[in-house]
Amino acid sequence: MTRHQRRLVMRWSLFVLMLVLVTVVNLPIISLILNSFRSTSEILSSRSFLPEAPTLENYAFVTQRTSFGQWLLNSLIMAGGGMALSIMAATLAGYVLSRFRTRFVTAYGTGLFMVQMFPILLALIPLFIFFRTLGLVNTYYSVIILYTVAQLPFATSMFRAFFDGIPVDLEEAAKIDGANRFQAFTLVVLPLAGPAIAAVAIFAFLFSYNEYLIASVFLRREELFTVPIGIQQFIQQFSTDWGSLMAAAVLAMLPTFILFLFIQKYMMYGAIGSGVKG
Amino acid sequence: MDEQQRRTISRRQFLTGLGVGAGALVLAACGAQPGASGGASTAPTAGSAASAASGEVQFWDMVWGPPEYIDTAKRVAEQDFTAANPGITVSYQSNPWSSWPQVFTTAVGSGTAPDVSTGGGYQAIQFYPQDAILEIDDLVAEIGVDAFLPGQIDGMYYNGHYIALPWGIDIRIPFYRKDLFEQAGVAPPTTLEELRAALKALTRGEQYGIAFAGASPLGWQSIVSLMYMFGGGFFTADNQLDVMNDRNIEGLTFVADLIKDGVVHPGSAGFQDADLSRAFGTGSAAVMFFSPSAEERVPEIKDQVGILSPMTGPHGDKATLMFANNLMIYKQTRNPDATKAFLKWWSENSLPIWTEGHAGNLPARRSIAADPYFQENPFIKPIIDEWVPVGRLTGNHSTGTFPALADIDAGGMLNTLATDLLQGRDVTETLQKLETTLKGLKSLQA
Amino acid sequence: MSIKTASSSSSELRVVLRRRRLDLFPIYLLIPSLVLITLINLYPFAAGFYYSLQDGTLLQTGAFVGLQNYLDLMTRPEFHNALRFSAIFALFGVFGSWAVGLGLALLLNRDIPGRGFFRVALLLPWILPSIVSIVSWRWMIGDQTGLVNVVLGFFGIRPIYFLSTGEWATFSIIIVKIWRSFPFMMLSLLAALQTISLEIYEAASIDGASPWQSFRYITLPQLLPISVVLWILMTIWSVNDFETPWLLTQGGPSNATENLSVLSYRYTFLLNNVGLGAAVAFFTMLILMIFALILLRRQQREP
Numbered sequence: 000m001t002r003h004q005r006r007l008v009m010r011w012s013l014f015v016l017m018l019v020l021v022t023v024v025n026l027p028i029i030s031l032i033l034n035s036f037r038s039t040s041e042i043l044s045s046r047s048f049l050p051e052a053p054t055l056e057n058y059a060f061v062t063q064r065t066s067f068g069q070w071l072l073n074s075l076i077m078a079g080g081g082m083a084l085s086i087m088a089a090t091l092a093g094y095v096l097s098r099f100r101t102r103f104v105t106a107y108g109t110g111l112f113m114v115q116m117f118p119i120l121l122a123l124i125p126l127f128i129f130f131r132t133l134g135l136v137n138t139y140y141s142v143i144i145l146y147t148v149a150q151l152p153f154a155t156s157m158f159r160a161f162f163d164g165i166p167v168d169l170e171e172a173a174k175i176d177g178a179n180r181f182q183a184f185t186l187v188v189l190p191l192a193g194p195a196i197a198a199v200a201i202f203a204f205l206f207s208y209n210e211y212l213i214a215s216v217f218l219r220r221e222e223l224f225t226v227p228i229g230i231q232q233f234i235q236q237f238s239t240d241w242g243s244l245m246a247a248a249v250l251a252m253l254p255t256f257i258l259f260l261f262i263q264k265y266m267m268y269g270a271i272g273s274g275v276k277g
Numbered sequence: 000m001d002e003q004q005r006r007t008i009s010r011r012q013f014l015t016g017l018g019v020g021a022g023a024l025v026l027a028a029c030g031a032q033p034g035a036s037g038g039a040s041t042a043p044t045a046g047s048a049a050s051a052a053s054g055e056v057q058f059w060d061m062v063w064g065p066p067e068y069i070d071t072a073k074r075v076a077e078q079d080f081t082a083a084n085p086g087i088t089v090s091y092q093s094n095p096w097s098s099w100p101q102v103f104t105t106a107v108g109s110g111t112a113p114d115v116s117t118g119g120g121y122q123a124i125q126f127y128p129q130d131a132i133l134e135i136d137d138l139v140a141e142i143g144v145d146a147f148l149p150g151q152i153d154g155m156y157y158n159g160h161y162i163a164l165p166w167g168i169d170i171r172i173p174f175y176r177k178d179l180f181e182q183a184g185v186a187p188p189t190t191l192e193e194l195r196a197a198l199k200a201l202t203r204g205e206q207y208g209i210a211f212a213g214a215s216p217l218g219w220q221s222i223v224s225l226m227y228m229f230g231g232g233f234f235t236a237d238n239q240l241d242v243m244n245d246r247n248i249e250g251l252t253f254v255a256d257l258i259k260d261g262v263v264h265p266g267s268a269g270f271q272d273a274d275l276s277r278a279f280g281t282g283s284a285a286v287m288f289f290s291p292s293a294e295e296r297v298p299e300i301k302d303q304v305g306i307l308s309p310m311t312g313p314h315g316d317k318a319t320l321m322f323a324n325n326l327m328i329y330k331q332t333r334n335p336d337a338t339k340a341f342l343k344w345w346s347e348n349s350l351p352i353w354t355e356g357h358a359g360n361l362p363a364r365r366s367i368a369a370d371p372y373f374q375e376n377p378f379i380k381p382i383i384d385e386w387v388p389v390g391r392l393t394g395n396h397s398t399g400t401f402p403a404l405a406d407i408d409a410g411g412m413l414n415t416l417a418t419d420l421l422q423g424r425d426v427t428e429t430l431q432k433l434e435t436t437l438k439g440l441k442s443l444q445a
Numbered sequence: 000m001s002i003k004t005a006s007s008s009s010s011e012l013r014v015v016l017r018r019r020r021l022d023l024f025p026i027y028l029l030i031p032s033l034v035l036i037t038l039i040n041l042y043p044f045a046a047g048f049y050y051s052l053q054d055g056t057l058l059q060t061g062a063f064v065g066l067q068n069y070l071d072l073m074t075r076p077e078f079h080n081a082l083r084f085s086a087i088f089a090l091f092g093v094f095g096s097w098a099v100g101l102g103l104a105l106l107l108n109r110d111i112p113g114r115g116f117f118r119v120a121l122l123l124p125w126i127l128p129s130i131v132s133i134v135s136w137r138w139m140i141g142d143q144t145g146l147v148n149v150v151l152g153f154f155g156i157r158p159i160y161f162l163s164t165g166e167w168a169t170f171s172i173i174i175v176k177i178w179r180s181f182p183f184m185m186l187s188l189l190a191a192l193q194t195i196s197l198e199i200y201e202a203a204s205i206d207g208a209s210p211w212q213s214f215r216y217i218t219l220p221q222l223l224p225i226s227v228v229l230w231i232l233m234t235i236w237s238v239n240d241f242e243t244p245w246l247l248t249q250g251g252p253s254n255a256t257e258n259l260s261v262l263s264y265r266y267t268f269l270l271n272n273v274g275l276g277a278a279v280a281f282f283t284m285l286i287l288m289i290f291a292l293i294l295l296r297r298q299q300r301e302p
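Chains as they are written, first to last, in numbering that gives the first Met the number 0: chain A, 0 to 277; chain B, 0 to 445; chain C, 0 to 302.
Extracted from the complex, chain A is given alone in its bound form (with noise of 0.2 Å):
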């Protein structure tokens, strides 16, 4: 076999495992997807792995009798709030937590550490009063704030630690180019942090996307319920429509997917940066 075979049978061989465990590893969703095709009645008595009688009833009912929509939605500007804003607080305060070692700097760093420590349970009903001298119960703002907040800790080590990797002898150039400090950020590290903002935009949309507990407590009103709230209905003290969950489930997971998909290229694409780092 000449080199290039070698390599062709070993990409291809690694073809085939990723293809398995991408197969095993979401066998829980591939058998959600296929409930998803069945009624709750045969969901809950039977034994076969495929449904033996598919219908798309979950979806109609789903789609047609319940606001799922308006959940998605909700869902939808929530999330995207709460991610934008975050990444926006997050980027200065870890590009800052990264580059300035001031004491006053290294407190901030450890009281956002402790903060996240703190279980948001105990923090309902003070919040609760909080927002609603704020007048802001059952708005879009109180969630999407807190969403931010929730993400803050998380968010802002992640940019702290990967603008640790940027050498500052990028910015000390800009400098010497006649930029400012605040320029040397924003129009020489900030577009190296692509991958940072990826996962990072990942991982506070997914928070606040999936999010039940403070979207339960702060959204009183149907019209402003997100998915998980709303797929909450189907569950009845002592049973559930499965189908309905499970349709629901699947309609709600397209936005993500979608996302991943557009997003994972972006990824890529930030990869080239690492380039600059010798």
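Source of the hints: derived by calculation from the structure; they are not laboratory data.
Predicted model only: the values in this text are computed from it and were never measured.
Hints are supplied without guarantee of correctness; some may be wrong.
[Said to hold, decoys possible] Subject to a maximum C-alpha distance of 20 Å in a straight line, what follows is the list of computed DMTMM-like cross-link-like pairs (lysine to aspartate or glutamate):
1) B:432 x C:77
2) B:441 x C:71
3) B:73 x A:221
4) B:438 x C:77
5) B:441 x C:54
6) B:343 x B:55
7) B:438 x C:110
8) B:432 x C:71
9) B:301 x A:240
10) B:343 x B:145
11) B:199 x B:256
12) B:441 x C:77
13) B:438 x C:71
14) A:174 x C:22
15) B:73 x A:171
Take the given structure of chain A and dock chains B and C to it, following the hints.
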């Protein structure tokens, strides 16, 4: 060197952490300024939506039935009620089960509780001692205690007051598979001894006599139901804790013996309600305790589902665990009169939430339970006629309701009891563990 | 608690920056997050700490009892139980998801046909709301008809009830946690892998380094800073994870899978004892902080 250095650095870091806190306080003070003024201007507008003047009643309801339940209940509350009571409008809000503790606690704690809500059997008594629930003695007097099926209104009585209306009966009933009984050649048991023999006969290969849902409240509720059939209970008639009594030990020993017999489905300790109804539906368990309408969970084999009649325990007891779902008014209501009018109307006129909304529980009002929808349903009538009269609330021998029952109902200690037993642990030790936990409860220390 | 990877020239710049007094530039950049964090976190944090010193409920303040709740907690078996389970859950969950995430990230970093597809497909476990992923897992392992038992049955193994004994439930919940967490690990490590210059590997391979040596002496050290951050974050999230144990097992059977955050929830909302609930939360915080500081300082000392 390392040790010393580490200590000094971490202390300094800790102190700088505190410094951030202090600085933040100042910022918070500045930040609070616009917030406070904004609040002052927006608060009245937000408040007027639910204020007395407009005659609006905010009604929070739990998800008591399949998806059509929410639509029906909303329509009955918002349209049917207002049609009958012009001048009062109702806004209906559905709440998921999984978040009720934090949703209601937050609402009450921040002054945004609804005027009225439904809830499980112990929601009113959980919030009443915290000064959140309005006493409704006048309303109960007006309706009359006889308007409700037996045992229901007693569960609303605490310290000389009625603190809620009962509206829905939830009760644990043994369902059985007629076909599997026939195949095994056993008749429906009438005593617990017969039940044990029947379960043995029904167990063969991958088929078991009975299954429980240990990871759901249904698990402990079924086991406690069996315990009540022996005359057991966790409290005396004057509401004193009484865990280690002979009847409790006897009742739980019966359950432990079933497990030793090998007739209990081995997955029971980890099952949730869906696993339980699936075990029943696929024939791997011939008997299960469930809430009413269990037959709707297994439509394919609905014809094969039967309901056992109350079985007599060795001391002559007939009993099962029952709940009186609450309908309660919150003290924060700005419109108590309109809210009471709604409560009274809803209690009498909510029949459609069963007939059209297919709520899973049974009506507590005699007048509603008399409707043909229930009386002509072969799965409901025997429950109302035979089981509800022997139904016992969580206290069993105790009187009225009291805060410890709310802790016991939701606090998880009975889940532990049930799963301990289902994993084959010793009965006396398990009960002793429960007693220790219960004695540590704040509601039982006063 | 800083992470140093930058070259010597960067520390020179830092020294210069440090000498400049009252430099407001970093403060300006910090303002957005500083304002948000203080407004949203400080008051609830203080209120929570105050709860832990009281003998009340969330709705009614009780008597001031000092550290009584903390002392009480130390004598409670359910607390010891939750502490032990939290430690096991975090340890296996964090390292399991890190190892799986690293393995997959290394694979994805190679030139495989359809790499973009695999990359997205391996992130899927992450995109489900917790209720949905737990429900799908329960269908897989909940009873004898679940897929896992069907496959085991194919090999002649009798059904295993994965959620019905303490040991199996502990095992299962860790697997589910790893499944839910590895995509995040994978993604973060992949992003870090892509910032490692290929020239270093080329130089190493010219010097005759084996693939294992390149991995051990180039890849791992380069991934260490991000890994430490990931370990710490994942530990915090595991210990504070309420939904995985609550939805999968409700902490059972027999409290075998009850972690500190489920216990805190139970005390606070189901047993009306916010004093104990808050004490659990602050005790948890203390342990997490100590853990995090130790890990960060160790890492700081590394050459």
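Okay, the hints, checked on the actual structure:
no. : hint          : in the structure
1   : B:432 x C:77  : 11 Å, holds
2   : B:441 x C:71  : 12 Å, holds
3   : B:73 x A:221  : 11 Å, holds
4   : B:438 x C:77  : 14 Å, holds
5   : B:441 x C:54  : 9 Å, holds
6   : B:343 x B:55  : 16 Å, holds
7   : B:438 x C:110 : 64 Å, violated
8   : B:432 x C:71  : 17 Å, holds
9   : B:301 x A:240 : 17 Å, holds
10  : B:343 x B:145 : 15 Å, holds
11  : B:199 x B:256 : 11 Å, holds
12  : B:441 x C:77  : 16 Å, holds
13  : B:438 x C:71  : 13 Å, holds
14  : A:174 x C:22  : 17 Å, holds
15  : B:73 x A:171  : 65 Å, violated
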